[in-house]
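On the provided structure of chain A, position chain B as indicated by the hints.
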Amino acid sequence: MRWYIGRRILQVIPVFLGATLLLYALVFLRPGDPVLALGGERGLPESVQEQIRAEFHLDQPFLVQYLLYLKGIFTFDLGVTFTGREVSEVIAQALPVTFQLALMALAIEAVFGIGFGLVAGMRKGGLFDSGVLVLSLLLIAVPTFVVGFVLQIVVGVNLGWLPVTAGRDPDFVSLLMPATVLAATSFAYVLRLTRTSVQENLSADFVRTARAKGLSRSQVTGKHVLRNSLIPVVTFLGADLGQLMSGAIVTEGIFNIHGVGGTLFDAITRGESVTVVALTTVLVLVYIVANLVVDLLYAALDPRIRYA
Amino acid sequence: MPDTPVPTGVARTAPRPGQEHVAQPLDDGDLGAVDAVVTTSAPVGFWREAWRGMRRRPLFWASAVLIATALLVAAFPGLFTSIDPRTCALSDALDAPRAGHPFGFDRQGCDIYSRTIHGARASVTVALLTTGLVVVVGTLTGAVAGYVGGLADTVLARLTDIFFAIPLVLAAIVIMSLASERTALTVALVLASFGWPPIARIARGTVMSVKNNEFVTAARSLGMGRGGILFRHVLPNSAAPIIVYATVALGTFIVAEATLSFLGIGLPPSTVSWGGDISQAQGAIRTDPEILLYPAGALALTVLGFVMMGDVVRDALDPKARTR
Numbered sequence: 019m020r021w022y023i024g025r026r027i028l029q030v031i032p033v034f035l036g037a038t039l040l041l042y043a044l045v046f047l048r049p050g051d052p053v054l055a056l057g058g059e060r061g062l063p064e065s066v067q068e069q070i071r072a073e074f075h076l077d078q079p080f081l082v083q084y085l086l087y088l089k090g091i092f093t094f095d096l097g098v099t100f101t102g103r104e105v106s107e108v109i110a111q112a113l114p115v116t117f118q119l120a121l122m123a124l125a126i127e128a129v130f131g132i133g134f135g136l137v138a139g140m141r142k143g144g145l146f147d148s149g150v151l152v153l154s155l156l157l158i159a160v161p162t163f164v165v166g167f168v169l170q171i172v173v174g175v176n177l178g179w180l181p182v183t184a185g186r187d188p189d190f191v192s193l194l195m196p197a198t199v200l201a202a203t204s205f206a207y208v209l210r211l212t213r214t215s216v217q218e219n220l221s222a223d224f225v226r227t228a229r230a231k232g233l234s235r236s237q238v239t240g241k242h243v244l245r246n247s248l249i250p251v252v253t254f255l256g257a258d259l260g261q262l263m264s265g266a267i268v269t270e271g272i273f274n275i276h277g278v279g280g281t282l283f284d285a286i287t288r289g290e291s292v293t294v295v296a297l298t299t300v301l302v303l304v305y306i307v308a309n310l311v312v313d314l315l316y317a318a319l320d321p322r323i324r325y326a
Numbered sequence: 130m131p132d133t134p135v136p137t138g139v140a141r142t143a144p145r146p147g148q149e150h151v152a153q154p155l156d157d158g159d160l161g162a163v164d165a166v167v168t169t170s171a172p173v174g175f176w177r178e179a180w181r182g183m184r185r186r187p188l189f190w191a192s193a194v195l196i197a198t199a200l201l202v203a204a205f206p207g208l209f210t211s212i213d214p215r216t217c218a219l220s221d222a223l224d225a226p227r228a229g230h231p232f233g234f235d236r237q238g239c240d241i242y243s244r245t246i247h248g249a250r251a252s253v254t255v256a257l258l259t260t261g262l263v264v265v266v267g268t269l270t271g272a273v274a275g276y277v278g279g280l281a282d283t284v285l286a287r288l289t290d291i292f293f294a295i296p297l298v299l300a301a302i303v304i305m306s307l308a309s310e311r312t313a314l315t316v317a318l319v320l321a322s323f324g325w326p327p328i329a330r331i332a333r334g335t336v337m338s339v340k341n342n343e344f345v346t347a348a349r350s351l352g353m354g355r356g357g358i359l360f361r362h363v364l365p366n367s368a369a370p371i372i373v374y375a376t377v378a379l380g381t382f383i384v385a386e387a388t389l390s391f392l393g394i395g396l397p398p399s400t401v402s403w404g405g406d407i408s409q410a411q412g413a414i415r416t417d418p419e420i421l422l423y424p425a426g427a428l429a430l431t432v433l434g435f436v437m438m439g440d441v442v443r444d445a446l447d448p449k450a451r452t453r
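As you go down the protein sequences, you meet chains A and B in turn. Take 19 as the starting number for the first sequence in the numbering used here and just add one per residue. Take 130 as the starting number for the second sequence in the numbering used here and just add one per residue.
Here chain B stands alone, though its shape is the one from the complex:
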């Protein structure tokens, strides 16, 4: 072997080094010693690894702060303002901001800051309820279709197609016009009853690919029932794409609720909501655009939080994206 370092440019023609040292020196330790070795890094599970990847990204923390703020404001509006959003004096109508009223007043003389704070609850409640319903219905439908297959799959897939074929806004307009009482729950029910098909499709696809894994065969050969396998093994391993979709969907349901309120078929005017306030601001938008700005801004920031979180979660849970 030549002692001079081989220049990289001619590496191919040089003799390969170290051929005679390929064999490892014999390990004299017994097997007990091998077993006693403590590996310092514990095996990292799928979720833990995703979490490690996520918390390093600034985008994650930005969206987490937005979401946490929205949830806190929705749960405890009293922490942020002591002014009643419904106590309005027409003499204050369209007044500029003054001490204690940082955003000024809307056309009815209501405090805009207080209404923006109190409007969070309606949007967040509807979005959370809708997402919860959509995830449960969509996952169950899709999972059963994908797992059982055969006739059940055909029937459920067509059922999904039927609900998919009716656009959400269209269905919502038709149903909301016949709802006798319009509360956060009815709005959520309407949005959910036509919002579940995408999740069903996602769940069906993932379950179909997961159910052919070895661990499912193993569980079956150990005598586990079909329901047990579906809930203990298949569903937990199909959760990732559903979680990603649901996070983004939460944001879009907030927009959908606001759209319905804007059309006058969402929450009633007596409920303080961003959609309703934006709709109210419509008439004065040319002279006083700030009335529109505050509720619309609050809504956009909240939705932004969920959509960005969806992006971060997708990057963390998608191994393909991670390796790239």
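Next comes chain A alone, as it looks inside the complex:
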């Protein structure tokens, strides 16, 4: 077990370095000069340009810039934006909202996806199963932003049940609709995954044994079918947290939430590489850590995985 944990944590290092290098290179390769853009039409004096370039290490070769940036991450010094704000401050402002949104979406898709998937899987071919399957197909086929518009109009404007937009410092209730929209597509995948997995496990030998030794229906379902069916589902959920946080950009746009998505988008259009790289690094880190936690949880729960 200790060997597995060590190996799994070591695997994270090249992935983190590779992903940040890749993103850094992409941002670095951007055409156009951000310092010139900063000056606008009248331009900046040569000396000021030089100073800004030196301050942001823009005069250094690519690899040096990357290493300086890595050093910054490990010393929690992410640099300042062109307007002089600390990048860490920008992140601290944008991240909590998006994180809350993503976690709420994750909870929604986990509860409803697993619940619906379990019932559908237990009654394969039934009315509920078919209905839920059609719903999941529709949710996959209709883009998130269309679901967002429709909910916004129907639930927010026509019925008036939930706030139409979230705005700055949103509370739980105003994030409810955005989180539902964000969860919609993943909910469909969780549902389908649970359904298939439950169906497969229902005909497994250990379920037959459990039934044969006289366990009650609920015990067989809860202890044997559901628990074993959750393995692929939880893997999906772990990987999905990262996707939700970066996918939130669309939802945040529709519901006017000032989170990571909007901040990132603005930073990209302004060519503010420091902010872009820092935010994307945070998103990648969330993704890597979520996956690592899921993997380690499994190794603890299921011996088959750590010996494989």
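For the record, the hints were derived by calculation from the structure and aren't laboratory data. Note that the structure is predicted; figures quoted are calculated from it, not measured. One or more hints might be untrue.
[Claimed, not checked] Facing chain B, from chain A, some residues (calculated, C-beta under 10 Å): (1) I27; (2) A37; (3) F117; (4) Q118; (5) V173; (6) Q237; (7) G240; (8) H242; (9) L248; (10) I249; (11) P250; (12) M263; (13) G271; (14) I306.
[What the hints assert, rightly or not] Quick look at which bits of chain A chain B covers, simulated, 3 or more residues with Cβ under 8 Å: (15) 38-45; (16) 77-90; (17) 179-191; (18) 276-290.
Don't be surprised by glycine CBs; every beta carbon is placed ideally from N, CA and C.
Chain B in isolation, oriented as in the chain A frame:
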């Protein structure tokens, strides 16, 4: 032996019938006659059997019709409308449907029906290109990693992890913002460059299980080279899960393209596309929801076709699902 039929309830206690007739009567025919027997049912291959299973399902035909329609509309939009999607008169803006314009007009006074028809090409082109690229890159990476193993596997698996760790939308936003020219090809390249890792993982897993089969050992002992074995024997036998994933992925790439166009970093506004039109409809959605409905509906139906086809193909190609 008692002549009375044995009631099923007491079958266990009754003497077993017919013990003395177990031996087959001797077959006097010679071996030539055995060889001459024509078996009426030819041996059915994996793909043919899958096809037989598939074509019996109504869902297959429903999704086939959706996909065929989408492809036809994308290839020959002129067959369905003669109105130019870019010729718009502001005096027609938001007008109700009238003769020759069944869906009415959007905010720019463009014919919605014509734009919905012409929008198909952008989505379908991007999705086909992306899927093609993703299948080639993903399969090659995964197959080499799984087949060669060792150091190559370690390096390629980590490379896959790196690309996997960067969410598709995030990467697309970063890259598209620095693309100088935004065409269907650039959008496809961006989506593909971060969309291949799932296929690589699938291919690696399948190849690793297929390469231990007897027919691979047989081919190797017949002196076939490693490359030959990989392409002639291992890959064709690993194709099924990749095909299933690719079919569903085709649908999801259509959604991804629309999302990028919606964010304003996909295809440029001059290209008629569903994503762009949905994005355009945003401003008038409360008063005229039908502007949103038509492009979104067309997009959803096309994606639905591919996703349902993926389901049907999965059921047909997965022997485990078939026996159940």
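A quick look at each hint next to the structure:
1. I27: Cβ of A:I27 sits 14 Å from chain B, so the hint is violated.
2. A37: 5 Å, holds
3. F117: A:F117 check fails; min Cβ-Cβ to chain B is 15 Å, beyond 10 Å.
4. Q118: Status violated, d = 18 Å.
5. V173: At about 13 Å, which exceeds the 10 Å cut-off, the nearest Cβ of chain B leaves the hint on A:V173 violated.
6. Q237: At 24 Å from the nearest chain B Cβ, A:Q237 fails the 10 Å test, so the hint is violated.
7. G240: 23 Å, violated
8. H242: 18 Å, violated
9. L248: Result: violated, 19 Å to nearest chain B Cβ.
10. I249: Interface hint status for A:I249: violated (15 Å vs cutoff 10 Å).
11. P250: Violated. Min distance 13 Å.
12. M263: 8 Å, holds
13. G271: 7 Å, holds
14. I306: Constraint on A:I306 satisfied, holds at 6 Å.
15. 38-45: That given contact holds, which follows from 4 residues of the stretch 38-45 of chain A lying within Cβ reach (below 8 Å) of chain B.
16. 77-90: violated (count 0)
17. 179-191: violated (count 0)
18. 276-290: holds (count 4)
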